[in-house]
Structures are given as structure tokens and as C-alpha cells.
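Asks: As given, the protein sequences belong to chains S and Z, one line each in that order. Just so you know, we're using our numbering here: the first sequence kicks off at 11 and counts up by one. Just so you know, we're using our numbering here: the second sequence kicks off at 11 and counts up by one.
Treat the hints as calculated values from the structure; they're not laboratory data. Be careful, since some hints might not be right.
It does not matter which identical chain is used: a pair holds within one copy or between any two.
Claimed, not checked - Calculated lysine-lysine pairs in the DSS-like style (CA-CA distance at most 30 Å, straight line): (1) LYS444 to LYS380; (2) LYS493 to LYS129; (3) LYS352 to LYS329; (4) LYS125 to LYS208; (5) LYS268 to LYS352; (6) LYS270 to LYS335; (7) LYS33 to LYS417.
Protein chains: 2
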Amino acid sequence: MVKKEKKEVKKIKSEKVTFNIDKNSNFSEWFSEIIKTAELADLRYNVKGCIVFQPWSVLSMEKMYRYYEKALQKKGHKPYWFPTLIPEKNFRIESAHVSKFNPEVFWVTHGGEDKLEEKYALRPTSETAFYQMFALWLSSYKDLPFKTYQRANVFRYDTKATRPFLRSREFYWIETHCAHATEEDAMKQVKEDMETTKEVMHGIFCLPFMFFERPIWDKFGGAERTFAADVLNPDGKLVQQPSTHLINLDFSKGFNVKFKDKDEKEKYARMTCYGPAMSRIFASVITVHGDNKGLKFPWKIAPVQVIIIPITNDEKLIKKSEELKEILEEKDIDADIDKSDKRPGEKFYFWEMKGVPLRIELGKKELEAKELTVFRRDLQTKEKVRENNLISYIEKTSKDYDSNLIKNSDNLFKGRIVDAKSKNEITKALDDGKIARCSFCSVEKEGIKCAEIVEKDINAEVRGTKLDEKEKPKGKCAVCGKKADAIVYIGRAY
Amino acid sequence: MVKKEKKEVKKIKSEKVTFNIDKNSNFSEWFSEIIKTAELADLRYNVKGCIVFQPWSVLSMEKMYRYYEKALQKKGHKPYWFPTLIPEKNFRIESAHVSKFNPEVFWVTHGGEDKLEEKYALRPTSETAFYQMFALWLSSYKDLPFKTYQRANVFRYDTKATRPFLRSREFYWIETHCAHATEEDAMKQVKEDMETTKEVMHGIFCLPFMFFERPIWDKFGGAERTFAADVLNPDGKLVQQPSTHLINLDFSKGFNVKFKDKDEKEKYARMTCYGPAMSRIFASVITVHGDNKGLKFPWKIAPVQVIIIPITNDEKLIKKSEELKEILEEKDIDADIDKSDKRPGEKFYFWEMKGVPLRIELGKKELEAKELTVFRRDLQTKEKVRENNLISYIEKTSKDYDSNLIKNSDNLFKGRIVDAKSKNEITKALDDGKIARCSFCSVEKEGIKCAEIVEKDINAEVRGTKLDEKEKPKGKCAVCGKKADAIVYIGRAY
């Protein structure tokens with residue numbers, strides 16, 4: 011029998027009136043407490059590194075999925091559902107992929123009482139599932155570009171410390187897999203993926219990020235080049251968010267993915283893949299936008315966008331609340347009514363903590379005047395709104411609300427990049443919660459020794475070179491003092 | 011290296027002009043061929059019983075998920091994402107559950123090179139994951155009813171022959187898990203689940219079914235009572251679709267799920283669960299509605315609802331097609347344009363085979379007259395529609411289209427129930443593609459011997475007793491000739 015832990019554990023249901031933890035000075039506590047108090051996830055599930063996602067995060071992540079999938083479909087990606095199980099022989103085809111992922115694979119070895127003839131990997135990522143089908147599906151240059159994606163749960167027997175949403179042994183993502191005729195086309199896809207990141211991560215989720223090309227020793231297993239968006243956590247650490255990879259030819263050769271080109275010659279297809287992880291992005295959504303009072307959801311992905319609070323449980327107020335909810339839902343605005351027995355003040359704080367963008371307060375005065383009091387979570391301000399102007403008010407305000415979230419979060423990187431000329435200067439920048447920009451040996455193979463020093467002595471990572479700006483090194487490598495070949499960004503990371 | 015099978019296998023891309031297989035007389039071929047020709051799934055993935063779901067099925071199943079989730083949320087179910095891995099010790103708690111599912115469980119035993127301390131089951135269903143958390147979450151009668159669900163992929167090492175969509179080793183479903191204060195409340199939930207089945211399966215997916223209470227030997231492992239909707243396949247076999255279960259107390263005791271009732275006494279919660287499987291329902295969607303020309307999607311779950319076919323690739327026609335597509339999409343109608351080089355006739359047949367409800371034909375004549383030709387997949391008829399009436403025409407026609415699908419499919423059960431008084435009569439009914447209704451020993455334990463005879467001699471199953479109609483047995487048990495205690499329905503089933 012599973013031991014009943016109820017007595018030992020802190021009650022998860024929030025009955026606190028206020029949530030009040032300083033997010034910036036006390037990030038770890040803030041993060042743990044908001045996950046519990048807002049009921050985002052329960053960490054007490056008895057498989058290490060696996061958590062139970064609760065309704066308040068699932069509702070938001072489902073919306074995130076929908077925006078991402080819509081953006082991908084618009085760009086011609088078609089949805090697939092591939093099997094979760096990958097035969098060992100597929101998994102072993104590409105050697106760089108194997109050495110990267112082998113230590114992280116969960117293996118299925120038995121079915122019922124039978125030992126399986128071949129063991130299966132629980133997909134850590136699905137290149138080795140998709141590409142064998144690409145080999146069957148593609149035959150001509152006319153089939154290219156071939157653009158796919160799937161919404162999937164993936165599994166990694168991660169040996170690093172797990173953290174809810176940020177790093178767990180099962181997580182939720184989208185993986186796109188595309189085949190192209192030329193490397194040029196493949197690089198166009200990589201750029202399109204970066205555009206998609208911008209469009210969705212910044213435009214919908216209101217998250218700022220920096221794009222880096224990862225150094226060669228930090229690429230995706232089996233890829234030629236890796237590009238990743240780093241989001242800044244309030245504690246100054248970087249979080250890798252969607253990354254896109256020029257896989258190019260390695261897997262195509264292993265899986266024999268060929269097509270007949272215009273010149274009638276058989277050629278190997280060029281591959282790319284892209285992997286936004288919904289559960290990880292959700293971590294940044296809560297850490298970037300949240301404040302000392304709790305969560306603050308971007309409008310489009312708020313589980314509830316408008317909470318209606320009848321000041322008393324008077325029948326007329328409840329009836330009017332229900333009318334309003336219906337009016338809002340007709341316009342596809344997610345609304346809810348708090349009919350609980352709590353005092354109005356408690357209700358206010360509770361829904362602020364939960365991060366609902368707008369709150370409608372409805373008392374007898376409001377009912378008589380046909381005028382509502384609307385509270386904005388971002389500005390903490392109240393406005394009177396004529397009942398029959400409600401929809402147009404919300405349509406306008408929701409846009410303004412998101413702009414305000416973007417404006418605030420865009421400020422996060424401001425003043426956070428510090429030029430550093432030595433290990434000491436790098437360490438100081440990082441200890442101050444900043445990112446160090448410095449001249450560096452190289453982002454090719456040779457730089458790896460300095461990267462190892464950075465990791466060992468400074469507990470930090472070389473995140474790579476910045477994109478779209480040609481930055482030339484000035485002076486010597488900040489780590490070893492030899493000739494510098496690149497400008498890199500160094501940060502601490504999750 | 012994975013062997014390139016391209017040469018041996020039939021080309022999957024449909025370039026055939028027509029699809030023409032008699033669905034009723036030749037169901038197996040029809041089913042295999044439509045899956046290939048319409049590109050619903052690729053069966054060549056190299057894990058036995060696992061298939062690759064392709065865009066044309068995924069797009070529809072995503073819509074099916076959305077309608078189902080909406081219906082459940084409306085009734086107060088909250089969404090969760092539970093881990094896929096279930097520790098062996100949880101799985102072993104409820105003995106009836108173990109004996110039912112143990113032979114079907116895939117086991118994860120290794121992570122990387124490490125042998126895991128405890129092996130994990132790939133969830134075949136998630137009672138044993140949910141209930142241990144229920145034990146932590148529930149404490150008072152005020153928490154009840156507690157209504158959850160999750161959208162999930164589940165795994166069964168099924169030893170029966172697998173069949174795409176109908177029975178695979180990984181499939182896609184929703185599972186709801188609820189806790190209640192009393193058995194009466196739990197039975198109310200079971201009835202609500204049946205209402206949901208009716209609302210979504212019949213109202214949205216246009217599928218008719220019969221609800222049976224399964225005999226006691228065919229219950230869900232760990233449940234007290236099992237109720238299931240059987241859909242009729244064109245070949246006369248039954249397909250079990252959503253089933254709902256009164257689990258009641260067995261698991262609550264094992265997992266110690268208690269609450270303090272109004273009378274201050276600690277009591278075990280009463281459980282129910284419900285499991286609509288999207289990939290399996292999709293099988294019925296294609297087999298019930300399809301005809302000799304191919305698929306026929308219900309309006310609301312069609313991957314594409316309106317296909318626009320410019321008769322030539324004339325620039326003006328393409329431009330107008332794009333305008334129309336935009337107008338339709340503004341109204342949330344999924345539209346696409348066939349700009350391929352095929353001849354118009356080929357395009358027509360292709361999209362009929364794909365099951366798109368409406369086709370707009372756009373030639374120069376139509377362009378000049380500002381009048382469109384609209385073809386209906388169900389009636390195979392064409393109508394002229396004024397361009398500026400298009401939206402209202404579609405709104406009206408889409409309703410009529412679904413009503414017509416429902417009307418046709420409701421006829422399926424007509425004349426299919428045959429009274430049978432002996433084994434011979436049962437066999438004859440089943441061989442004629444019908445369902446036998448007969449007097450039977452009992453649906454309690456004692457009937458199992460007759461059920462075994464039915465299985466062995468007639469290759470059929472006792473599907474149970476009909477709901478909501480008190481049917482009293484007349485005469486003796488049709489199988490053994492002893493005193494009858496129930497009226498049961500016997501059919502062949504997938």
C-alpha cells in the first residue's frame with residue numbers, strides 16, 4: 011500500500027490570503043512556493059524527476075501548444091503522431107546521436123512476462139523514428155521541402171538535478187523534422203524556425219531572448235550547427251528555450267534518405283529539426299512575468315483571462331455574473347466566476363496570485379449603475395467600465411496588457427551584458443547576475459579547453475556567438491590569454 | 011543501417027484517379043486500402059503493433075480531442091498531465107487490475123546503462139497513478155465530487171492481432187478519473203459519462219451506438235460495473251467505444267483515498283473512470299461514414315471542410331480562390347485550395363476519396379457570374395451559390411450535411427438485432443452480420459460457462475445487457491437450455 015503522506019506534507023490548497031515573496035532576491039523560494047500555491051504541479055509523484063502537471067498549468071500549456079501548432083501549420087508543417095518506442099537498432103545508427111543520448115535513454119525490455127526480442131528506447135527525441143519513414147516517403151525533389159512536426163511527450167534519464175518544468179525526466183514538446191534538397195534550403199528553414207521562435211515566444215508569450223549559435227562542442231547530437239534562444243531567468247541564469255538545428259547529411263546517410271534531383275541524380279536529403287518544449291517555456295512564462303504577488307499570465311495563454319467577483323453571494327449579483335461570463339465566452343474570452351465563500355479581499359489576492367489578467371468586481375453599486383469595476387493585474391489599477399462597453403474595453407485592454415508585459419520583459423536584458431577581459435571579470439559579472447561577453451579562443455574544437463576551464467573554475471557555460479551581428483574579438487582570449495578568434499557570451503544556466 | 015524498403019512496397023502516395031471498393035461486401039480490403047490511399051497511417055514502422063499517424067488522421071483526431079475536452083470541461087472535469095511511468099508497486103496494489111493488465115504491460119527496466127532500482131510500467135491506463143495523488147489531495151466531502159481527466163497516449167502489449175486505429179500497442183485516449191462521496195453520486199457520474207458519449211459520439215461524430223452493461227466477467231480490471239458503447243462496423247462486428255466504470259471502493263482501499271464526511275467520519279471515496287479512445291473512435295468515424303468512393307468526414311471533425319478547386323491555374327482563378335479561402339477561414343471554416351497540376355476530374359475524385367464535405371468549383375464562368383458551384387460529398391450533388399451568399403449557404407448546409415450523416419448511420423442498427431433461441435440461431439444471425447438477442451443463464455458469475463461456449467463454438471462474445479430497458483428473459487437459456495436469468499446481446503467484435 012502506498013503510504014499516506016498527508017500528515018507529513020504541507021497542505022497544497024492555497025488558503026493563504028496573500029502570496030508575498032521577493033522574486034528577485036529570493037528566486038528559488040519564490041519558484042517553489044508559487045508552484046505549490048498556484049497549484050501548477052505536484053512534485054510528490056513517486057517516480058524521480060516526474061511530476062504531475064495540474065490544471066492551472068495544463069490549461070495554459072494547451073493554449074501554448076495551440077499557438078505554436080497554428081504558427082507551424084501556417085508555414086506548411088504537417089502534424090504526425092509517431093510511436094513513443096524506438097527500436098534500439100534505429101537509435102544506434104548515428105554515432106554522435108548515440109553518444110549524446112545513450113546515457114539518457116529509458117529502455118523498455120519486457121512486455122508482460124516476455125523479454126522482448128529487441129529493446130526499445132522511450133524517445134528522448136524522434137529523429138531516428140522520423141527519418142526511417144522519410145526514407146520511404148521521399149523520392150523526388152518535388153517532395154521537398156518536406157515539413158513535419160509532432161506534439162509529443164519525451165523522456166530523458168537525466169542525471170542532472172531535476173527541477174519542475176525546467177528539467178524533468180518526462181517533458182512535453184513539439185519537434186519539427188524537415189528534409190530539404192540543398193544546404194541552402196536547410197539554412198533557410200533554420201532561419202524560419204528562428205522567426206517562428208520570435209513570432210510565438212515574443213509575440214504571444216511576451217518573452218524576450220537572445221539567439222546564440224552554440225559552440226561546436228555543445229551542438230545537438232548528430233547536428234552540424236545548433237542555434238538556440240536563451241531566456242534570462244530572474245536570478246541571472248540563462249534557460250535554453252527553442253533550439254533549431256542544421257542536421258544536414260549525417261542522419262540521411264545512416265537512414266538512406268535520398269531523392270532524385272532535377273538533374274536526375276540521386277542525392278541525400280538535408281535535414282533540420284526544431285524543438286520548442288512547452289513545459290520548459292512555461293517555466294519562463296511564470297518566472298519572467300511573475301512578481302512578488304504571484305503569477306502574471308500573458309493574455310493569450312492565461313487559463314482564465316477574466317475573473318468575475320460578485321462582492322456578495324446575492325442572487326442578483328450571481329445572475330449578472332453569469333450573464334457577463336456568457337457574454338465574454340461568446341467572444342472566446344475565458345472567464346470564470348468566484349462564487350466561493352471567501353471575503354472579497356481574499357478573492358482579489360487569490361486571483362492576483364493566480365495571475366489572471368483582468369478582474370471584474372461586481373457589487374450592488376455596480377449593478378445599479380450598470381458600470382463595472384475592472385482591475386488590471388499588470389498595473390494594479392482599477393477602472394470603471396460601462397457594462398455595454400465591456401467587450402470593446404477588454405479587446406483594447408488585452409492588447410495593451412500584453413504590450414506592457416513585453417515592454418517590461420524586454421527590459422530584462424538591459425544592462426545585463428558586461429564586457430569581461432579575464433576570468434575574474436567573468437566571475438564578477440556572473441556573480442552579479444549578468445552575462446559576460448568576451449574574446450575567446452574559438453568556438454571550434456580548439457576552444458573546448460577554455461570552455462572546460464569556464465565550466466570548472468567559474469561554474470558557467472559558453473553559450474556561443476551572437477547571431478546577426480558580426481562581432482570581432484578585441485585583444486586576447488579572456489580565459490587563456492592566447493589569440494582570440496571569437497566573441498562569446500558566458501553565463502550560468504539551467 | 012535501416013533497409014530501404016522503397017522498392018518492395020507499394021507506393022503510398024495516391025495517384026489513382028478513383029478509389030472504388032465495395033465497403034460492405036469487402037470490408038477488410040476497403041479498410042486497408044483507404045488507410046493507405048487517403049494517407050491516414052503508415053503501418054511500416056518497425057515496432058510491432060505501433061503505427062505512424064499521418065496528417066490526415068491527426069488533424070481530425072485533434073479536432074475530436076478538442077470537442078471531447080470541451081464537453082468534459084463544461085461538466086467540471088479539470089485537465090491534468092500525469093507521468094507515463096507508473097512504479098511497479100503502485101501497479102500491483104489492486105489485484106483484479108493486476109490480473110487483467112499484467113500480461114499487457116510494457117516494462118521500463120533500465121535508464122542509460124543503469125538497471126533501475128524499481129521497474130516502471132508504461133501506463134496501460136492510469137488509475138494507479140491518479141489514485142495515489144487523490145489520497146494526497148482529498149480530505150473533506152467539500153472536495154467531492156473531484157473530477158479530473160487527461161489526454162494521453164497509453165501502451166498495451168496486446169497479444170491479440172493488432173489492427174490500425176482499432177487495436178494498437180500504443181493508442182491515444184482521454185481518461186477521466188473521479189472521486190465521489192457516495193455510490194449514488196458515483197452512479198450519477200457513470201450516467202453523466204454516458205450522456206457525454208451521446209453528446210459527442212452521436213452529436214458531433216455522427217456515430218450511433220448501443221449501450222450495454224458488460225457481464226461481470228468482462229468488466230474493467232478493478233471495477234464493480236462496466237458500461238460500454240458498442241458501434242457497429244460495416245462487416246457486422248461490434249467495436250467497443252467509450253466505456254465508463256463504477257470502480258467504487260476497491261482502489262480507494264488500496265490507495266487509502268479517504269475523506270471526512272459531513273458526519274465527521276472518515277470514509278473511502280467512491281471512484282469512477284471513463285475512457286474515450288480517440289484513435290479507436292476515429293476507426294469508427296471512417297468505417298461508419300465512408301463509402302465505396304472513400305472517406306466522408308462529419309463536418310466538425312473534417313481536416314479540411316471546404317476544398318476550393320480552381321478549374322485552371324489561371325491567375326485570376328487562383329487569386330479568387332485565395333480570397334475565398336481567407337473569407338472562409340475568418341469564419342473558422344477550414345479551407346484549402348488544390349493548386350496541383352492534376353486535371354479537374356482527378357482533383358474532384360481525390361478530394362471525394364479524402365472525405366472533404368464541400369467542394370467549391372471555380373472556373374471562368376463562375377468568376378464572371380459571381381456564382382460558385384458547390385458539391386456535397388454526402389449527396390453527390392452540385393448547387394449554384396451566389397458568391398455573397400457563400401457563408402450563409404455553408405452554415406446552413408454544414409448542419410444539413412451532419413444531419414444527413416446521422417440519419418444514414420442511425421439506420422445501421424435497423425434490422426440488425428435478431429432474436430435467437432439456440433446456438434444455431436445465434437450462429438446464423440452472426441454469420442448474416444447481425445447481433446443476436448437471446449435469453450441467457452445469467453450475467454453474474456454463473457453465466458460464464460455459457461459465455462465460454464459462445465466464444466469457443468460461435469467465435470462470438472456476450473456483450474451484456476441493454477441499458478434503460480428492462481428486458482425479461484422468455485424461455486430457457488439459448489446456449490445451455492437451463493433456466494434463463496437475463497436477456498443478453500451476442501455479437502462478434504473487434
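Asks: Hint by hint, say whether it matches the structure.
Replies: Evaluated hints:
Taking identical chains as interchangeable, the C-alpha atoms of LYS444 and LYS380 are never at most 30 Å apart, the minima being 51 Å within one chain and 63 Å between chains. In the homo-oligomer, the alpha carbons of LYS493 and LYS129 never lie at most 30 Å apart, since the shortest distance is 49 Å inside one protomer and 52 Å across protomers. For a Cα distance limit of 30 Å, the shortest separation of LYS352 from LYS329 inside one copy, 18 Å, qualifies, whereas the shortest one across copies, 58 Å, does not. Taking identical chains as interchangeable, the C-alpha atoms of LYS125 and LYS208 are never at most 30 Å apart, the minima being 47 Å within one chain and 42 Å between chains.
Taking identical chains as interchangeable, the C-alpha atoms of LYS268 and LYS352 lie at most 30 Å apart only when they sit on different chains, with a minimum of 25 Å there against 65 Å within one chain. For the identical chains of this complex, LYS270 and LYS335 are neighbours neither inside a copy (58 Å) nor across copies (33 Å), given an alpha-carbon limit of 30 Å. In this assembly of identical chains, the alpha carbons of LYS33 and LYS417 lie at most 30 Å apart only when taken from the same copy (19 Å versus 60 Å across copies).
In summary, the structure is inconsistent with hints 1, 2, 4 and 6 from the numbered list given earlier, while agreeing with the others.
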